[in-house]
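A.B. asks: Protein chains in written order, with our numbering: chain F, 1 to 192; chain P, 1 to 192; chain V, 1 to 192; chain X, 1 to 192.
Fair warning: there could be bad hints in the mix.
Because identical chains cannot be distinguished in the list, a pair is counted as satisfied if it fits within a single copy or across any two copies.
Unchecked claim - Below are the DSBU-like pairs computed for lysine-lysine, each with C-alpha atoms no more than 35 angstroms apart in a straight line:
no.: 1; residue 1: Lys129; residue 2: Lys7
no.: 2; residue 1: Lys8; residue 2: Lys63
no.: 3; residue 1: Lys7; residue 2: Lys50
By construction, these hints were calculated from the structure, which means they are not laboratory data.
For reference, the chains in residue letters:
There are 4 protein chains.
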Amino acid sequence: MDESRDKKQRILQATLRLITDNGFHGTPVSMIANEAGVGAGTIYRYFANKEAIINELYDHIQKDLHAATMANIPADVSVRDEFRLKWLNILHYFLDHHYEARFLEQYSASPFISPEVTEEKNRRNAHLKALIARGVATGAIREVDYHTVAVLLWGTVYQLHQLQTSGMRQVTEDLIDDIFRVVWDGMSKRQD
Amino acid sequence: MDESRDKKQRILQATLRLITDNGFHGTPVSMIANEAGVGAGTIYRYFANKEAIINELYDHIQKDLHAATMANIPADVSVRDEFRLKWLNILHYFLDHHYEARFLEQYSASPFISPEVTEEKNRRNAHLKALIARGVATGAIREVDYHTVAVLLWGTVYQLHQLQTSGMRQVTEDLIDDIFRVVWDGMSKRQD
Amino acid sequence: MDESRDKKQRILQATLRLITDNGFHGTPVSMIANEAGVGAGTIYRYFANKEAIINELYDHIQKDLHAATMANIPADVSVRDEFRLKWLNILHYFLDHHYEARFLEQYSASPFISPEVTEEKNRRNAHLKALIARGVATGAIREVDYHTVAVLLWGTVYQLHQLQTSGMRQVTEDLIDDIFRVVWDGMSKRQD
Amino acid sequence: MDESRDKKQRILQATLRLITDNGFHGTPVSMIANEAGVGAGTIYRYFANKEAIINELYDHIQKDLHAATMANIPADVSVRDEFRLKWLNILHYFLDHHYEARFLEQYSASPFISPEVTEEKNRRNAHLKALIARGVATGAIREVDYHTVAVLLWGTVYQLHQLQTSGMRQVTEDLIDDIFRVVWDGMSKRQD
DNA sequence: AATGAATGAGCCTTCATTCAT
DNA sequence: CATGAATGAAGGCTCATTCAT
Numbered sequence: 001m002d003e004s005r006d007k008k009q010r011i012l013q014a015t016l017r018l019i020t021d022n023g024f025h026g027t028p029v030s031m032i033a034n035e036a037g038v039g040a041g042t043i044y045r046y047f048a049n050k051e052a053i054i055n056e057l058y059d060h061i062q063k064d065l066h067a068a069t070m071a072n073i074p075a076d077v078s079v080r081d082e083f084r085l086k087w088l089n090i091l092h093y094f095l096d097h098h099y100e101a102r103f104l105e106q107y108s109a110s111p112f113i114s115p116e117v118t119e120e121k122n123r124r125n126a127h128l129k130a131l132i133a134r135g136v137a138t139g140a141i142r143e144v145d146y147h148t149v150a151v152l153l154w155g156t157v158y159q160l161h162q163l164q165t166s167g168m169r170q171v172t173e174d175l176i177d178d179i180f181r182v183v184w185d186g187m188s189k190r191q192d
Numbered sequence: 001m002d003e004s005r006d007k008k009q010r011i012l013q014a015t016l017r018l019i020t021d022n023g024f025h026g027t028p029v030s031m032i033a034n035e036a037g038v039g040a041g042t043i044y045r046y047f048a049n050k051e052a053i054i055n056e057l058y059d060h061i062q063k064d065l066h067a068a069t070m071a072n073i074p075a076d077v078s079v080r081d082e083f084r085l086k087w088l089n090i091l092h093y094f095l096d097h098h099y100e101a102r103f104l105e106q107y108s109a110s111p112f113i114s115p116e117v118t119e120e121k122n123r124r125n126a127h128l129k130a131l132i133a134r135g136v137a138t139g140a141i142r143e144v145d146y147h148t149v150a151v152l153l154w155g156t157v158y159q160l161h162q163l164q165t166s167g168m169r170q171v172t173e174d175l176i177d178d179i180f181r182v183v184w185d186g187m188s189k190r191q192d
Numbered sequence: 001m002d003e004s005r006d007k008k009q010r011i012l013q014a015t016l017r018l019i020t021d022n023g024f025h026g027t028p029v030s031m032i033a034n035e036a037g038v039g040a041g042t043i044y045r046y047f048a049n050k051e052a053i054i055n056e057l058y059d060h061i062q063k064d065l066h067a068a069t070m071a072n073i074p075a076d077v078s079v080r081d082e083f084r085l086k087w088l089n090i091l092h093y094f095l096d097h098h099y100e101a102r103f104l105e106q107y108s109a110s111p112f113i114s115p116e117v118t119e120e121k122n123r124r125n126a127h128l129k130a131l132i133a134r135g136v137a138t139g140a141i142r143e144v145d146y147h148t149v150a151v152l153l154w155g156t157v158y159q160l161h162q163l164q165t166s167g168m169r170q171v172t173e174d175l176i177d178d179i180f181r182v183v184w185d186g187m188s189k190r191q192d
Numbered sequence: 001m002d003e004s005r006d007k008k009q010r011i012l013q014a015t016l017r018l019i020t021d022n023g024f025h026g027t028p029v030s031m032i033a034n035e036a037g038v039g040a041g042t043i044y045r046y047f048a049n050k051e052a053i054i055n056e057l058y059d060h061i062q063k064d065l066h067a068a069t070m071a072n073i074p075a076d077v078s079v080r081d082e083f084r085l086k087w088l089n090i091l092h093y094f095l096d097h098h099y100e101a102r103f104l105e106q107y108s109a110s111p112f113i114s115p116e117v118t119e120e121k122n123r124r125n126a127h128l129k130a131l132i133a134r135g136v137a138t139g140a141i142r143e144v145d146y147h148t149v150a151v152l153l154w155g156t157v158y159q160l161h162q163l164q165t166s167g168m169r170q171v172t173e174d175l176i177d178d179i180f181r182v183v184w185d186g187m188s189k190r191q192d
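With the hints as constraints, model all of the structure from the sequences given.
C.D. replies: Structural data, given as structure tokens:
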């Protein structure tokens, strides 16, 4: 049973690496089997078909990302710091988990992902909505739309990751601070 | 020769539509030929192979996007307005050209795109660098990194387009203004 | 187009031979392609899938058998002679077309055959019902059920063909006459 | 050993049901194992391979059919009655043992069946040859070939079973009598 | 003796590409 | 130039058989 779990994990990891580099249709099941060190037929003991691997992988990574997002948030923390810490958590997850990040970028909007899994992902976003509501209530931020914040949050994370991936510029702490300042200053109250 | 140009255009357009909806490997060449109203073999008179269509299509769209970006910018315009107008040009290109936008999202980071084409794209970004330099010089904006601006610019455009595509919320002028204000205020406002 | 028809015929003939000897699932499409002298992919230009070959083959052979059954029946012929000639026509079709006969034996009751094709086959049996009705009306035969005649007709044909196939005994004209006499005498009026 | 015998029987019974409904290649060994309530590997302790199950099953059913054929034949019985009783025994075995009957129809002529098993089946037909000889000797029937009788006997049985299976007409006692009368009258009645 | 997880050969089918017309 | 019939390599998936437990 422990061997089983391990084998399944190896298949998922192999799929993540290969599919991110070559795309879903560019990755034969035989190649996944090879990389995972199992027979091609073995994969079908653990997954109903090729798409099911993607789905399970997506769910797996989303859970992982969510856990990382919520980690190390002190109890009594200001809106600014909670926002900053969560944004940094997500950003560093992307920067430190290259394959997971690219996978999410490619498959978040793909038809492979079942509606159930997508639904669950949306449910996990509740904490962000609550945070914005708190920020608006306490006057820490302007009355901004939730989607405004989401667009800025994910937009910056995705672009910073792609910047790192492209190799055009190193993503330094300075750059990260620079961007956070723009976003936060833009969202927080205007001092006119 | 005019017929030639037209036939090639029809192949490119058919590829754009089909490949965006079904993916590269989900779109047989025969389907492209059918949609373009040409024989399957004919495609190979205009393109070396299937991948070459993608590459050329990418170049084509990038040029188109660049032209749209530069359109209707008055001669003597403030940094804020130039930035705003260009950002809106890009954003509306994405919102109005659904297939082109999804294509760029899917294939910008794909291995199909040749280094030459990527290089040319980067060269076309010079105007943005110049604009930021002017902004910093005139004090219109803080001393922000070029990449800070690029991350915010493309991040917001991509996310707004995906928001529209996902159908979760309509992308209204209010939302667009909201987001622009955050970005601009964040870039321009002076720390006390 | 003539080449097309020929190629399709060769695929059907190859399928008949191979599938009769090895069974449907014992005959890979690649083997059919090989025997027909075409590429494996070519088969799918002419047939939607493997089952479709069987279906078309069945329809083809049924038509052929029906034509053979009706051949050389003089206009003004007695019930006995019409019955005898048709029975002989069917029997000789079976004895002379070994593959077709075995194919019918194996696939007449198989789930591969579509209801439409089966329906058409039943419609073609009308002439036999008419013949029996005439025989009963004219007093040439006893008042026998249509199914009694059908059971005897097909039962003897199938068994004689299998006898020939098994090689246990040669199917001579004497044996054929012997059997026909039993069937006809049994059906015709009793002389008590 | 009793457990062994039982397990083997369960495998044979499962095979009979499944293979008759789904065909040899349509029935995975794992499905047989499941239906029989044994592990897939266990089957290979009792049979050399999948084909061997068919062969043994065929022998098994032939023995069963033979026993049924010989049952309830009184000692001093006329040729007509012995023929009639045996024919009815066979026929009712077919009508009452649907799976066994369909299995025989499908696999009697199949390459799975070994020559030894076929040979043994033929040896078991001796009683019918003896019966015909007695009939001819006593004048009860005309001088008909053994194969004439065999063709009529098996032909009618197979066709009646298929008629029942097809659902086109119920096989009533009247139809059975009707057919027996034709066969017996044809074999016995004197030409004038 | 019994199991069932693991294997990989082999199946049906698709499709990028070629080439005779 | 244009076509589309033909090809065969390659893909996803199944399943008979083996073997470690």
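A.B. asks: Hints first: check each against the structure and report whether it holds.
C.D. replies: Evaluated hints:
1. Lys129 with Lys7: neither (38 angstroms within a copy, 50 angstroms between copies)
2. Lys8 with Lys63: within (17 angstroms within a copy, 45 angstroms between copies)
3. Lys7 with Lys50: The answer is both: 16 angstroms in one copy and 30 angstroms across copies each meet 35 angstroms.
Checked against the numbered hints above, the structure violates only hint 1.
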